[in-house]
Structures are given as structure tokens and as C-alpha cells.
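Those protein sequences? They're chains X and Y, same order as listed.
Residue numbers for the first sequence follow the numbering used here, beginning at 1 and rising by one.
Residue numbers for the second sequence follow the numbering used here, beginning at 1 and rising by one.
Hints listed in this document are in silico derivations from the structure and should not be mistaken for laboratory results.
A portion of the hints provided could be inaccurate.
[To be verified] Cut-off 16 Å, straight-line C-alpha distance, at most; resulting in silico cross-link-like pairs (EDC-like, lysine to aspartate or glutamate):
| hint | chain 1 | residue 1 | chain 2 | residue 2 |
| --- | --- | --- | --- | --- |
| 1 | X | K88 | Y | E48 |
| 2 | X | K212 | X | E181 |
| 3 | X | K88 | Y | E324 |
[Unchecked claim] Computed footprint of chain X on chain Y, listed as stretches where at least three residues anywhere in the stretch have a Cβ under 8 Å from a Cβ of chain X:
| hint | segment |
| --- | --- |
| 4 | 67 to 74 |
| 5 | 167 to 178 |
[Unchecked claim] Partial pick of chain X residues on the chain Y-facing surface, computed with a CB cut under 8 Å:
| hint | residue |
| --- | --- |
| 6 | I72 |
| 7 | S75 |
| 8 | A76 |
| 9 | A108 |
| 10 | R166 |
| 11 | Q222 |
| 12 | R223 |
Treat the numbers as computed from the prediction; the structure is a model and nothing was measured.
Built from N, CA and C at the ideal position, the CB exists for glycine as well.
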Amino acid sequence: MKRHLISAADLTRDDALLILDTADELAKISERSIKKLPTLRGRTVVNLFFEDSTRTRISFEAAAKRLSADVINFSAKGSSVSKGESLKDTALTLEAMGADAVVIRHGASGAPYRLAGWVRGSVVNAGDGTHEHPTQALLDAFTMRRRLGALDGRKITIVGDVLHSRVARSNVLLLATLGAEVTLVAPPTLFPVQVGSWPCEVSYDLDAVLPKSDVVMMLRVQRERMNAAFFPTEREYSRRYGLDRDRVAKMPDHAIVMHPGPMNRGMEIAAEVADSPRSTIVEQVANGVTARMAVLYLLLGGADLGGEI
Amino acid sequence: MNDRIGATRDGIVIRGARILGGEPADILIRDGLLVEIGQGLTGGETVEAEGLIALPGLVDLHTHLREPGREDAETVDTGTRAAALGGYTAVHAMANTEPVADTAGVVEQVWRLGQEAGHCDVQPVGAVTVGLGGERLAELGAMADSAARVRVFSDDGKCVSDAVLMRRALEYVKAFDGVVAQHAQEPRLTAGAQMNEGAVSGRLGLTGWPAVAEEAIIARDCLLAAHVGSRLHICHVSTAGSVEIIRWAKSKGWDVTAEVTPHHLLLTDDLVEDSPVGSYNPIYKVNPPLRTRADVEALREALADGTIDCVATDHAPHPVEDKETEWAAAAMGMIGLETALAVVQEAMVDTGLLDWAGVAERMSLAPARIGRLQGHGRPIEAGAPANITLYDPSVRAAVDPAGYASKSRNTPYEGLTLPGRVVATFLRGRPTVLDGKLT
Numbered sequence: 001m002k003r004h005l006i007s008a009a010d011l012t013r014d015d016a017l018l019i020l021d022t023a024d025e026l027a028k029i030s031e032r033s034i035k036k037l038p039t040l041r042g043r044t045v046v047n048l049f050f051e052d053s054t055r056t057r058i059s060f061e062a063a064a065k066r067l068s069a070d071v072i073n074f075s076a077k078g079s080s081v082s083k084g085e086s087l088k089d090t091a092l093t094l095e096a097m098g099a100d101a102v103v104i105r106h107g108a109s110g111a112p113y114r115l116a117g118w119v120r121g122s123v124v125n126a127g128d129g130t131h132e133h134p135t136q137a138l139l140d141a142f143t144m145r146r147r148l149g150a151l152d153g154r155k156i157t158i159v160g161d162v163l164h165s166r167v168a169r170s171n172v173l174l175l176a177t178l179g180a181e182v183t184l185v186a187p188p189t190l191f192p193v194q195v196g197s198w199p200c201e202v203s204y205d206l207d208a209v210l211p212k213s214d215v216v217m218m219l220r221v222q223r224e225r226m227n228a229a230f231f232p233t234e235r236e237y238s239r240r241y242g243l244d245r246d247r248v249a250k251m252p253d254h255a256i257v258m259h260p261g262p263m264n265r266g267m268e269i270a271a272e273v274a275d276s277p278r279s280t281i282v283e284q285v286a287n288g289v290t291a292r293m294a295v296l297y298l299l300l301g302g303a304d305l306g307g308e309i
Numbered sequence: 001m002n003d004r005i006g007a008t009r010d011g012i013v014i015r016g017a018r019i020l021g022g023e024p025a026d027i028l029i030r031d032g033l034l035v036e037i038g039q040g041l042t043g044g045e046t047v048e049a050e051g052l053i054a055l056p057g058l059v060d061l062h063t064h065l066r067e068p069g070r071e072d073a074e075t076v077d078t079g080t081r082a083a084a085l086g087g088y089t090a091v092h093a094m095a096n097t098e099p100v101a102d103t104a105g106v107v108e109q110v111w112r113l114g115q116e117a118g119h120c121d122v123q124p125v126g127a128v129t130v131g132l133g134g135e136r137l138a139e140l141g142a143m144a145d146s147a148a149r150v151r152v153f154s155d156d157g158k159c160v161s162d163a164v165l166m167r168r169a170l171e172y173v174k175a176f177d178g179v180v181a182q183h184a185q186e187p188r189l190t191a192g193a194q195m196n197e198g199a200v201s202g203r204l205g206l207t208g209w210p211a212v213a214e215e216a217i218i219a220r221d222c223l224l225a226a227h228v229g230s231r232l233h234i235c236h237v238s239t240a241g242s243v244e245i246i247r248w249a250k251s252k253g254w255d256v257t258a259e260v261t262p263h264h265l266l267l268t269d270d271l272v273e274d275s276p277v278g279s280y281n282p283i284y285k286v287n288p289p290l291r292t293r294a295d296v297e298a299l300r301e302a303l304a305d306g307t308i309d310c311v312a313t314d315h316a317p318h319p320v321e322d323k324e325t326e327w328a329a330a331a332m333g334m335i336g337l338e339t340a341l342a343v344v345q346e347a348m349v350d351t352g353l354l355d356w357a358g359v360a361e362r363m364s365l366a367p368a369r370i371g372r373l374q375g376h377g378r379p380i381e382a383g384a385p386a387n388i389t390l391y392d393p394s395v396r397a398a399v400d401p402a403g404y405a406s407k408s409r410n411t412p413y414e415g416l417t418l419p420g421r422v423v424a425t426f427l428r429g430r431p432t433v434l435d436g437k438l439t
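Using the sequences and the accompanying hints, generate a full structural model.
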């Protein structure tokens, strides 16, 4: 495996399967009363969050702590960053503190690549702008595999604001690596102009795609997109691309519904769908900790897992 | 060659230079003029130029010298040193300084700073609109009538996007044979734009700068220039579509000229994704952005066939801290004065698209003509001002900005191997550069 995890494209098929298999092993710990391993004792993981994301931050924090790492949370708000300190100076500060891994969430696409040039530790991308969110893709793949088995040949439909979605980018790359067949569905305004060059299919018609989907993943739609005329109204978006009960009825019986959260209930997903047995939304949160444990474990070169579990 | 050369009373003989790549000849210069071209000429001092190409002193239509206002990035002095080392004898200083060069006072200040520095002539460009605000015409006539004798007007960095204002500017400058140099960028189509909109921007999640935002403005402005019968110049053309529109406008006989930068002749947008200096390195962030290989090919072809009239550097210095950031926070622009000729050799001459006479036309004669610049861009012949660049095309070296005269280091070519070396530059008979060093 590469030293950093910045793009899902950094992972070979063997890397991805190793992470998912490791996550399977680690999941057993989560079922124990004492959910902690000594593996990363003495190692320091910094959560460097330039954007508010409590969900992702606590997921990484829980993952690191279950592996006994020391965790430093560095939030941009109220820190020197808000006083104009550059990313480079922040990186040098972390470097001086001896961070073994830096988990970075940043509003600017590509910021983790810049950071990786300035620190010695491993950089884990926890979401950069509209670029990627590879651990989200790993936890999604982990969730799918637990529900459906191996992903080769599985048909995954991802619906929503692909243009601005780091979740979509990472999922397309990882799922293609794992042999799944991905179809992206959105209004044409919410695709990048040359999405045809991506390793997936593209459709504007959700209803046509649903009957042949093993997984339907709904993406969050930011309300501010409406003001920029990407679509006329929330109601029209919801009518054409929202997942409601009628649309779920078109899906095969075994098919599951996913959402990376946070949801706009009633917008891209109906409340009754989100809360239905097909929905894996709560599982995804739990699996997020497990998948991130596997990533930190493997990047920081944890000892052989077999003896510890 | 030696450092004592410079006293021109007895003249200087440049010995054995290949004028525009032709047969070796001697060039006698005296009192700032090119006196004679021939064989076995004698004069006060001799500059050996065996194997060197002699070109008319290069002229840049598009230079950011940053003074006044951003002297941390560049000054007239450092920028013109860089220009001389790049073989330039005249540069047009863009108007987007602080304060903006939108009055006779500011353009005269820049012009005088150039005179005092003395490394090359500085011809100020005047802003089209007050403060580059795009709302009211600046006092174009006052700048034209000033000691700086402004003929090129540009809001470069910003587009004159208001169609009525652009029409008025095109009409107004006819009174003093001026030209409006348009930075063609439709602002609504490029809000927050970070790089060329295409496959790479889609993968990288960077807001796209679509080719149509340039092409739509160029098409509109060509039609406006034709309608009011004025001169239009297009800055830094970057797309294949723009080339087609300009070719069409020229076929109509309209007075439209265009420039291309060296970096748009060589570099492509995939460098943002993957390069020797990493991913998302803002050293490649520039406006207009680096485009695709197909665009580069179209630009080279257009420069070769004359659809694009000239090469202009868009030399845009920025301090280190404005580039050592995440992509979105970084400043746009690249320095280029000291590498322009090398890049043109690489992209145009070594590929067989342009000979040295063509390089002289595109980098000296045409830009001087478009800028109505007196005393520059003249063929190398007896009676012309002795503005001459001696260039050795036979060497190749890795680009190392450590030795650059520019105050800034934001070159996209660092570590790349490029051909050629400017050996000497003469400004009205006085060497500003000898043996590759400032005199």
C-alpha cells in the first residue's frame, strides 16, 4: 500500500480487499465489551479539520482510540488557522509535534496532496473539497459486502449531485477497482462535463436504472445548488430524482438503500425509505469506525492482527 | 567578450552572427544604430558571435512588472533585468498595478521607472476602465497624450465584459490609433474557476474554466471591432476554438490581432493532476488555464500560419507564499520572460513549425507593430536602431530559477530541460546582457 490514502485510486484491488478483510476482522472487536486494541499505542494521529464535520471527526477519533493511538484534534476554528496561518505552517507545526498520521478534512480540493508534501507522516484524506473522500467509499464497500457478498459484477447506482460530490468520485474509483458496475444518475447539470471518461455508466433516468440495481446510493443535495440554477426547485428535484416508496418498489427485493449522511429527508430520500429495513444508513455509521480502523492500522504498519483478536 | 564593452563611440562589431539563422555576417553598430552588415567589418570592439542567431530585440506585449504596489513580487528594475536576460529590448507593462495604471500620472511613473532602470524600454499599458472596475472608461486620451505615449489599453486580469463599454472603448481609441487588448473571459461562466474545464477538472473536483467563456467573448469582440471599424487585440489565446474564430475574423479582413503565451504552447492541464512536482501544485495555476494537448497543437499551428500574430509572455510574478498553498488559495500566473525564447524554440523551431525569421516576426516585429512601438521591432538592416538579441540554440540545460533576475520564482519549467541560451542583448547599441549576464 502507498504511504498515504488520498484518492481511492491509490488503492489496488489487493490493497482494497486487504482493507476490507482487515475491517472484517476488526469488526469482531466492536462486538466485544472492551472495544480496544493496543496496536497503535504510542503513535499519534492528528485530526486536522478545516471544515466542520463532527460525524467524520468522531468516527476517525473513535477508530484511532480503539487502536490505542494518541489523538490530537486540531480544528481550524478558533485556532491559528483562523488568524491567517497557512496550510504549510500548520503542516510544519504538526510535523514538529511528531504526528504519525494526519487525517485531514479541507474545503479545497487537493489540499491533502499539498499537506503530504510537507509532513513525514501518513496523510489520510477525510474529504477534500469536491474531490474525494476515500474512507467513505471504503466504508460503503464494506457495508455492501456485508449485505451482498463480493462486489464483482454487482450493479451500484449512485444518485445525486455528482459534480460536487467527493463521495461519488471515491466510490466510482473504488467500486470499479472492486469489479462492480456503477451507474451514476443525476440531472445533466450535476455531472462534470466529461463524466463519460469515468469508469462507469451515466444516466438521467432514475426509474429506468432502479430495476437492475443491487445498491442505490443517494447523495446529499446541497440546498444552495438550487440558487445557482442547477435545477429549478427542490420539489422538481425530489420528483425526478428523489427516492420514495414507489421508486423503492421498482428495486429488486434484495437491493439495499444507502446514504452517506447527513440526509435531507423528504428531498433526496423519503423518511420512510431512510428508516426501512433496506436502508443501511445506520450501519454505515458503525462501519465507518471499523473501516477507518483498518486504514489507520494498515497505514501505520500495525503488527499481525491474528494474535491480537 | 568582456565586460568593458559598452563604450560605443567607436562602435561594436558583432562578428559572425547568423542573422535570422542565415549565413554568418558581421554587424557594425555605432551611436545606437545598426550601421552596416557585411563581411570583415572592423570597429572599436568586437563581440564574437560565431554560431549565434541574431534576432531583432524581442518585444513583449504582455508583462506584469507589479510596480507600483506589489514590489514584493517584482519591480520595474528586477522585471526589466529579467526581460533583458530573456533577450527583450522592450516590454509592455500591464495596468493591473496598485494603484491601477488608469491615469496619465501612473503610466508616466512606470515609464520613468523603466527609463531609470535602463535594462529595456518599458511601455506602459493603460487600463480601459477606472480601477479595472469595468464601469467607466479611464482617461484613455490623457494616457495616450502623456509622456508614456500609451497605445495599448487593457483591463488584463479582468475582462471588459460589458458589451456597450467594450464597444465605446474600441471606438474611442481610434482617435489616437490605440488598440484594446482584451482579456477574454466571460465572468459569469468562470465564477470560482480553477482550471480548464474538462476530463481532468472533473476528476480533480476543481471548478472548471470552460473554453466557451473565452471563445464567446472573442467572437463578440471581433464582431464589435468590425462593426465600429476599430483595432482589437486578443490577449493570451488559449483554446482551439478561439483560433478558429480569430481565423474567421481575419478572413473577413477585420483588424484583429492575437497573442499566445509560451506556456500555452508547451504545457497542458494534465500537469495539475500529475507532474514531477506533485498533484495540485499551483505552480501550474494560471489564467487562462493550461488547456489540452489538442489546444496546444491548434495554438502552435495558428502561430505558425499567422492566425496568432505574436508570442507574449504574460510574465506574472508572485511571491512564494502565494503559491505554496492549497490550489484554490493560490495566485494565478507564471513568470516567463527568462524562458520565453527557449520555450518557443522547443515548441515551434525544433518542431519545424517556425524558422528564425518567423520567430523574429512573432516575438519582435509583430508585437511592436501591434503596440505601435517606435524604435523596436525593426528588421536587422542598416539604419535601424541597434536592438539585437544574440541567441545560442545549440545548448540544452535544466531550468534552474535560482539564478533568475526576476524577484519571483514561480516558473512551471523548473527541472525541465529546455534548449537555447540568450548570450547578448543590445538596447540601442548598448549591451544590456553579455555572455548571458547583465552588464
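- Honestly, which of those hints from before does the structure not fit? Per hint list: 1, 4, 5, 6, 7, 8, 11, 12 violated.
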